[in-house]
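Dock chains B, C, D and E against chain A, hints included.
Residue numbers (the working numbering), protein chains in the order written: chain A, 1 to 510; chain B, 511 to 1161; chain C, 1162 to 1649; chain D, 1650 to 1820; chain E, 1821 to 1923.
Any given hint could be a false lead.
[Unchecked claim] Across the chosen pairs, the derived CB separations fall in these ranges:
id: 1; chain 1: E; residue 1: 1923; chain 2: B; residue 2: 1093; range: 52 to 58 Å
id: 2; chain 1: B; residue 1: 1034; chain 2: A; residue 2: 417; range: 58 to 64 Å
id: 3; chain 1: E; residue 1: 1916; chain 2: D; residue 2: 1660; range: 38 to 44 Å
Simulated from the structure, these hints should not be mistaken for lab results. Glycine residues also receive a C-beta, built at the ideal position from the N, C-alpha and C atoms.
Here's the letter readout for the chains.
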Amino acid sequence: MEIFSNILIYFVIVPLLTLGGLALTSNKGIKAIRAVAVAGASALMALAIWLVVIFLRERGAGNNAEMILTGSWMWYEPLNVKLALGVDGVSGVMILLSAFIVFAGVFASWKMNPLPKQFFLWFFLLSTGVFGFFISIDLFTMFMFYEVALIPMYLLIGVWGSGNKNYSAMKLTLMLMGGSAFLMLGIIGIYFHSSADGQFTMNILEIAKNNAIPESWQMWLFPLTFIGFGVLGAMFPFHTWSPDGHASAPTAVSMLHAGVLMKLGGYGCFRIAIYLMPAAAQSIGWIFLLLTGISIVYGAFSACVQTDLKYINAYSSVSHCGMVLFAILMFNHTAMTGAVLQMLSHGLMTALFFALIGMIYGRTHTRDIREMGGLMHIMPYLGVGYVIAGLASLGLPGLSGFAAEMTIFFGSFQHPDMFHRVLTVAATCSIVITAVYILRVVAKLLFGVVQDEHHRTLTDATWEERLSTATLILAVVAIGCFPNFFSDIIRASFDPIVAALGGMRYVSAQ
Amino acid sequence: MITNTVLVLVLPFVMFLFLGLAGVKMPRKTAGVIGVVGMLITTVLAYWVAIDYFMHHPGHEQISAEVDWLNFTPKLVARMGVLIDPISAMMLVVISTVSLMVHLYSLGYMCDHHGHAEKGFQRYYSFLALFTFSMLGLVVATNIFQMFIFFEMVGLSSYLLIGFYYSLPAANHANKKAFIVTRLADLFFLLGIMILTFSTGTFDFKELVGLGDMAASQRAAGTMDGLTFLGIPAVGWALVFIFIGGAGKSAMYPLHIWLPDAMEGPTPVSALIHAATMVVAGVFLIARMFPLYVLAPMAMNVVAVVGAFTAFYAAAVACVQSDIKRALAFSTISQIAFMMTSLAVSADGGQLVGGHEAGLGYMASMFHLFTHAMFKALLFLCAGAIIHAVHSNENDKMHGLHKFMPITSIAFLIGCLAIAGIPPFAGFFSKDEILVACYERGLGWGLWMSMVAGMTAFYMFRIYYLIFFWKKHEVHTEHEPSDQPWTMTLPLIILASISCVAGFLPFGKFVTYNGEVLETHMNWTVAGSSVGIALVGIALATWLYFKENPKPERMKNAMSGLWEAAYRRFYMDELYQFITHKIIFQGICKPIAWFDRIFIDGFFNKLADLTGNASFAIRRVQGGNAQSYVFVYLLGALLLAAVTGVVILMI
Amino acid sequence: MDYSQFLMMPQEIGLLAVFLLVFLYDTFMPRTTQRALPLVTVVLFGVYMTWAFLPPSMGKCFGDMFEANNATWAMKNILNIGVFIVLLQSVKWTNDDFVSVRRGEFYELILLTLLGMFLMVSARHFLLFVIGLETASLPLAALAAFEKRYYESREAAAKYVMTAVFSSAILLMGLSLVYGACGTLYFSNLSFGVTATGGVNWMLIVALAFVMAGVGFKISLVPFHLWTADVYQGAPTAVTSYLSVISKGSAAFAFMVILVQVFGSLYQEVWQWMLYALIVLTITVGNLFAMRQRNLKRFLAFSSVSQAGYVMLGVIAANEVGMASMMYYILVYIFSNLAAFGVVMAIENHCGKVTIDDYNGLFKTNPWLAFTMMLAMFSLGGIPPFAGFFSKFFIFVGAASTGSVAIYVLVFIALVNTIISLYYYLLVVKAMFIRQEECAIDRFRSHWTERLAMVICVAGIIFVGLASCIYTSLTKLVEESPNLFLMI
Amino acid sequence: MESLGNIIMYVIIALSIIVFSVMAVTTKKILRAATYLLFVLLATAGIYFQLDYQFLGTTQIAVYAGGVVVLFVFAILLTHKPGHNAEPITSHKKAQGILAAVACVVLCGVALFSFGRFCFKTLGGGTDVPMGKLGMSMLSTGSDGYLLPFEALSVLLLACIIAGVVIARRR
Amino acid sequence: MELTLLMYLIPSLIMFGCGIYGFLTRKNMIAMLISLELMLNAVDINFALFNRFLYPGKLEGMMFSLFAIAIAAAETAVAIAIIINVYRIAKNVDINQINKLKF
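Same shape as in the complex, but just chain A:
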């Protein structure tokens, strides 16, 4: 089968095989379950790294195609729906990110109880959706995988979550599905205008090449798709699923959700909304720019007064993801590259946050910062991890957040329009507010005096928790220290999009 010679398909096959493997394990055999899960996650990680290597080699060999490793297999002939695969730099790094987080997530849910098997089943179904989304370049399959990734959230939160989980799970699912309702309409609209000669297609590259969507339609389709993805990207005012959802979700799910799933939103926004509807993006993009700008500041301010660790992080995610969408709407290489860097950074950093919060919560059984304090004494490993995550979040050099935010700010400020620059300045202010809420938590949670004497007996991280967090910390530091490696991979991928928006190719100085 020719399809199996494409490495990309394995990103779907491997999780599915893992699903199969998990299905074969018995409910009681926790060791077997873990083994299968770790094997699956490691295989994905290896694949992702291999993919990046292949990508670099191809690019190094002068392959300047928009997407590499492309392949297309007819699926639904009547609608010309294909299983079309391909990656560019952006999807490549997103796949890498997902692999990292899945890997860390498996270890973070090592002691998952009850029903570990079912948990991992859903978990890997979610991963299937995520990977499938990133490897697809066909609207239909993309959308399909997108929804595949959404629905396991309901059960993952509902069954394994905590707190007001029923409400949160339902709210999250319904709001995200609401977003995908917009999206589906947008996709159908795009499909029926994908070509001037009636040969409709779902392939993104072909649609972009045909560039046949009339501007009057773009004006409708752009908001539809942008909001559709924006809901998942926690864009103001569609973000309210995020705090409740994250607060109730179990550790690994929060990780995967904030770490990867929310990135689907940002990714979709530029890959579909902006790339395919450039004219509308330019004429009405400012509305969304305003909304995302509000997201950034609003999320940060809201995070300042929360007392639940997960709520703080959820609002912080609103702010950071707002920055992703904000940068995407700036339509130049730098800002968009920054957006992807920010996705990477936020993904890893938030996953780290949620992992640590989960671990702390697992020990103290509270997430209320008012009931905790001085944990640095008691669990130094987790404490240090938390501080690193916090510093990454507030954009400290050497950690991923800084590189991402700087790229965004400098890129956005290059915009020739004063309105955009003023908004950029406003968005930049968030770095201070971020510092405020991060330090507030760190000071309250880790430093200071121990609030609850029972906490003194708690233990520090176990090996699997260390492994899980160390993976993420390593990644955060790697991006923070060598951002150019990543931004070089990413940047060229924006050539077609920027060109569609009427911009120039990025020609490196060298």
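Below, chains B, C, D and E alone, put in the same frame as chain A:
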């Protein structure tokens, strides 16, 4: 030489990683010793670099090497590199010296009375190494972006070190405050860079300020011609913002509030970070950008006014502080303001002032930076020794320590004399040149700064007397205070000696704005008057504080309002408290969070409720009666026909 | 007299043969062998179903009264599959002591009503259509009353029959107006006849509304749906599942044929707007009612009301894509809904519990049932990778293929409604998986026929979507069918 | 010009249809309603005869009047004690009924009367439908042949018989 | 005077209206069925009328009436059987009493 410089950077970083990761596994003292040795090697390398540079590279050429770190646009590339030019070489020396002293000193200081190292000793040395790395990285930055990066890094290390005793609420509070205030300043720094690079399209100092090539800065400023925002030229915005960034780190009014609180950190840390090195980062930044500032008179004036005011303000506050470290902190603020002012007064209206001595202020500022680092570090280390001996920061717990701690006392006195500007100590030379530069700009500037110099002498000697004399020391603790172990006294002696002789360095030969040798001439009028003012200040202090007497109390009562205001730092902290808590927290954050829950979240919940209510409301249609079903059926069919018919046929 | 024309309708004849065999077996075999009747029926029907997949015969017979083409062939096969599953599911129930006396009649009636539906599907003359419709609905009243132990069953039957006869009276009135206006009842002539009336007029609008009401009754479009919930709840579950998928599916197909072939020529704009209103009402009202239901059968009734609205999206498109999507939707709907009913039936047969609250914690005691139910709910809710997602997507694409902005708005309304529908489908999932209470249903092993039926349904839910050949071949079949969209 | 007998006949038929229809749905006694229904059905048969559809009229009398009404009477006797009167209808329901009926009649009326001038068509010459033709078309398979509906109807009736059996059985 | 289609349609329509009125108002289900017969009968008349007056060439309308009569009979039979079925357990045939299943 570049290799050496890189080594100077790498070594502390390695120490940081090594001590941070592996330190937990080794005995505490071992970690300390490793740290000191590492720092010693760094210092030697740094001196080597500096000497090599000053000796073998006359004409002040720059030596730099860099790698791309992050490409923003094809032109705008953030690079990492090292740049050796006069001021960075000078800073290398300052930082490594003070850092070495502090490393050594801490071996003794960070121990309890039995000589056992405190918990977290490894962490402490690891953080010190991180700070040293960041500070060194800052000064050798080849571009403004790298500088910004290290600005953040020093902020971080400062944060970590202030909060070293993290379980103390005060330390916990102070480090947060320090970080957030400097972060706020950094925001402006960042905005400044953004504005600056928007048109110039480069981060490099070489292209922005030329590093000796004045034409480069004119070119850079030229690209921004015609760009204005709210009527103010972009270059002005950029430079004012960058100054705010520097002001945050250098604790200029009104961003100074974090520095006194930062004294919650271990005293050696205060000596290193909050007296000698990090706080002058702002000055260093302005000095780096000096050629551009010259071209933007508006920004320069802002710097000058803020500097002059801060100098006075901090001196005034320092006069009444009872906490020794706080007093020293305000003194630091005041002295840094001197440097700022000195930089700022050396140009007016886009031109350098001072004729053949143009750029004197710049040189003086750097000179003062150098000398101040030495004597202020000395003073802080002395303070540390005292605090270590009496376990308190408060004056009234000390008094009359001269007998018990003679070495410390003398070292402290040297420090005081140096800062007061009494010849032949280091401070005299640098401060004198600053005053000269001020007088060259204008008489008002000169008089104002001279007055502050007098106040400096007064408050330093006030502290000195209150600590070491005033009245006999009452022993509160089980053991008498005494001079400390050699690890602590040795640095004092070294720094004291430097403070004595540093003034004779021919600074003008090495460090000037354009790289050319600046021959300075002693301006005897100014020198004489400044020494005179200093002496007046000392005399006043002696009169009031040498022996226990009721005069200070009476004065305090006579001007209780003023005294109280000064003691409370003119209510700046309260103002900040009000702004952050009442306005930002209560006035913005809370309402936004409330709005989010009630309106945004409420909207979606309401939507769900509405659907539920609708569902409940229409349930009567399904009332169970088949006849009503039929009725609805028929009505539906009839309406379908009627409405369609009316719409299509009638309209 | 050309009786060879009967050869044009092999599926109907085959079905009649199965009916006769079952009837004979029921009537003449000794009591002792009666227990095997359900299985015999299932096997016979299975054989027939397989046989019916033989390549279709094409053409019209009986003076254009009856038409067999690819599309009707496919539609009938889809119905056959559904009926086969229903038959399998009901084996256990009909062997129940109380019901077993009358089980022969049960199967006979199911087969006869199916024959009626076939006639509806293939009818190209209103008389044949009406007879088919009545054959497909009157005996169902008897089936609804089948469970004599319960009063609800009788009430359901009474309500069904009273509303059904009224609806047929309205339908006939509408047909009389059509006849009055056009002078013929042959579909092929009607399309000329309608054009000959010269423009849109009251006569045909009223007729159209009445015909829509009459057929909408069978599909349970709002506001003609009010019988649905009561009957579904009261009728025996086997009958409910039959009503909800087979009866609805056949009527939907026939509806499309009528609208397109009879009224398509001149009235497309008119009936599309009427249908527009009906779809909006159907989907919304169905959803709103379904939200509050606690009884699963009633819940599924309202869900099927709302699903009917989605099916109509294929009709409103009035083109090949729409029809193929609609047939595909019905196929998927058969699998999904029958999976749900299979679970409901298995549990009801075991312990008689049918409310959602009874299902709390079902996953713990009966994981496979819970799993099947969950798949069914996800598929009904349109969650990928299950078939329901594909069918929803294609039906939306089908509707949007008309290109009209109004239809895009309609699709949007439908999409918004999917959120509400997802809410209540998830309620069931929540009960089974998330609720931690002690389960009211103990662990049990359902009858093998029920399990087989569920396996078929689950396989359908999973593979009908992923295997693109089904939709592709449906599209081909529809495109190759002559006369389907013969409009003037 | 229509013959007078025909007109008189029409008037009688029309009046009895209207009067008995109204009475059938308003009388309180259910058995009377069945009787009025019988009259209506007979009157309808009269119309058929007037239209020269003798076979239809005969069937109407045989099946409807003869079969269905008897069925009704049986059912009534089975479910009612003699002399039992229906309870009065609530005015709310009455209003509902009148509204629906009037709306329906008006709508159908509008539909019919607005449709060209066909309402004023008069009967053409007598076209007696010979039984032979009727029988042939009933069993013809060609165009206008009704063999298939005929067979289908037989299936329907069979189904109804089975349905009746199902319902009638005690268990 | 000519007997026009209209003159025949009027009684038929009134019959239909009466049927609807009866169906919607009568409590007794058998009475409802009687009303239903009126409606069906009206339809039959319509078919016959249209056929005779407008399209006398063919017999479609009449045939339809013929079949409709049979269908109506079948409907009535099944309906009455079910009504009696309900009567057996509820002991009345009042449509208003049959409303256990609702909402």
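Verification of the supplied hints:
Range check, residue 1923(E) to residue 1093(B): Cβ separation about 54 Å, and the 52 to 58 Å hint holds. Separated by about 59 Å at the C-beta atoms, residue 1034(B) and residue 417(A) satisfy the suggested range of 58 to 64 Å. One distance hint, 38 to 44 Å for the beta-carbon pair residue 1916(E) and residue 1660(D), holds here, with the actual separation near 39 Å.
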